[in-house]
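**Q** Residue-level listing of the chains:
There are 2 protein chains.
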Amino acid sequence: MNIDKELIKCVEKIDLNLEKRLNENYKYINEILDSIKYSVFTGGKRIRPILAMKSYELFSENNNYDNIMPFALAIEMIHTYSLIHDDLPSMDNDDYRRGKLSNHKVYGEALAILSGDGLLNLAFETIFDSFKDLGDLEDHRRKILTGKEISRYSGLKGMIGGQVIDMNQDKKEIEDDELLYMYKTKTAALIKAATVSGAIIGGANKEEIETMRKFGYYLGMSYQIKDDILDKSEDENIEKLTYLSHFGVKKSDRDLKVFSDKAKLELRKLKGKDINFLMSLTDILINREV
Amino acid sequence: MNIDKELIKCVEKIDLNLEKRLNENYKYINEILDSIKYSVFTGGKRIRPILAMKSYELFSENNNYDNIMPFALAIEMIHTYSLIHDDLPSMDNDDYRRGKLSNHKVYGEALAILSGDGLLNLAFETIFDSFKDLGDLEDHRRKILTGKEISRYSGLKGMIGGQVIDMNQDKKEIEDDELLYMYKTKTAALIKAATVSGAIIGGANKEEIETMRKFGYYLGMSYQIKDDILDKSEDENIEKLTYLSHFGVKKSDRDLKVFSDKAKLELRKLKGKDINFLMSLTDILINREV
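Read top to bottom, the protein sequences are chains A and B. Okay, so the first sequence: first residue is 65 according to our numbering, each after it adds one. Okay, so the second sequence: first residue is 65 according to our numbering, each after it adds one.
Check each hint, because a few of them may be wrong.
Identical copies look the same in the list; a pair holds intra-copy or inter-copy alike.
[Unchecked claim] Straight-line C-alpha distance at most 20 Å; calculated PhoX-like pairs for lysine-lysine:
#1 LYS212 - LYS248
#2 LYS69 - LYS109
#3 LYS212 - LYS196
#4 LYS248 - LYS91
#5 LYS337 - LYS270
#6 LYS314 - LYS304
#7 LYS109 - LYS84
#8 LYS326 - LYS248
#9 LYS326 - LYS337
#10 LYS84 - LYS212
#11 LYS196 - LYS270
No lab work stands behind these hints, which were simulated from the structure alone. Source: prediction; values computed, not measured.
Same shape as in the complex, but just chain A (with noise of 0.2 Å):
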């Protein structure tokens, strides 16, 4: 397997999803479509959709991705939503995000509020549109579970409340249970719903379920520990809370390995199943220079 290629094919599915969702026929709002479009197709590296369509074909007997796809389709919606709202002047005001101007520098506050308002909404119609054989108990359930899991994850519980807590923490002191916390919700929680939907759609059983909600957390938590540490090379006068700013330097690079270990070590349980991708792609991702 060439995991290159295999992730461009990933992505290649995403977008072509993302953009047949976007083209509906809507009246009236184009300009909020083509606000939508821009943060949605601004050079994402869609690694919640890849883990969720990944963590599927793990568990699933068929090879394609279309009953995974519009939860995939939810949580990078979900996503684009919070990175829209997060930049606005009010909150962490970033005029740039991924190189280019951010969502509101173009289209003004009004449409980025109203654009991350539309997209969160959108990616719960794109799960409840995901219900279309009305006849079968077993499909239905797997769906309801996702739906549940994915709406928990993204709320005050999940992403919503890690934001709260890193809005309100900025240059604060606070306990490293709550700074832990903040990690487990603001990111770890929508990569946990993105490896859980997978294994749920794919038809995993309660306990590799449980496997993969772990997997997640372990990704999840390095991923934003690397993402710091990339962060705090780029610009050392950032004087933000994070892991890095309230841990030191030490512990940072050792609790990032210690959590991809620990990501590797959940994949490992699951005997019988091929988990050459995702353990390439852990790789991949807390190595990453970008």
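Take the given structure of chain A and dock chain B to it, following the hints.
**A** Frame of chain A, contents of chain B only:
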């Protein structure tokens, strides 16, 4: 039936359930919960959840509201989030809402944005949490359909779309068609979501659901026109594009009556159903003075 007593009874039930949902065990995020509660409990009339409950009651064989409550709450949460975001400085820039300071005047813009996001997300969490009994296909079918209806009516093809048009078209001339579409989406969509949700969860048949959809549409249109008429008398200087400013007083007064008559006509199609409450509520809403 004493309608005032009945309305109070409904509001108490709604508030009790909203409190229950917002007093769950959340970690480290008391401030955003305060902010959310501030806006949720700021004297709203609870029209939408009441419509959901009473539409449910028309069709349901039992008299308790437990089945419809998650959907009624979800719609009220969506309504509340939309008010918080609408009031923001970059949107309508309103310092007051229902005679109290608007959310961002009390909690700041960042928390107001996140509170809105949190409420929208919580609406869908609440819907997914309603799937308790995983064994009943008909129960699933109704809840899935209702989730689909609510998510569509609150999204880009519904309320958010209407809000975008409203924001863009301020003080500008637009075609009749677009103005009607804006009214249909901005206000009538969520009211339709309420009446349709009640019908579906209550077990209405297809024809009855479509009748309740039309009832919601006509009621929503007349409700918003009445709102414009009341707003106009309140502040003669407002230059916002409304039904009133676009079509003039005479046609607005006439259409208020036309739409509300049509709403009542729809209700009368429901043979053998006790439509008294919804008939009276329609009259109360279009004759209200505040």
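**Q** Work down the list of hints and note, for each, if the structure agrees.
**A** Against the structure, the hints:
1. LYS212 - LYS248: within (18 Å within a copy, 30 Å between copies)
2. LYS69 - LYS109: within (14 Å within a copy, 56 Å between copies)
3. LYS212 - LYS196: both (18 Å within a copy, 11 Å between copies)
4. LYS248 - LYS91: Classified as between: cross-chain Cα gap 12 Å, same-chain 39 Å, threshold 20 Å.
5. LYS337 - LYS270: within (16 Å within a copy, 46 Å between copies)
6. LYS314 - LYS304: Answer is within: at 18 Å inside a copy they meet the 20 Å cutoff, but 58 Å across does not.
7. LYS109 - LYS84: within (19 Å within a copy, 39 Å between copies)
8. LYS326 - LYS248: Within one copy only: 15 Å inside, 52 Å across.
9. LYS326 - LYS337: within (18 Å within a copy, 61 Å between copies)
10. LYS84 - LYS212: Intra 25 Å, inter 19 Å, cutoff 20 Å: inter-copy only.
11. LYS196 - LYS270: Answer is between; shortest inter-copy Cα gap is 18 Å, intra-copy 25 Å.
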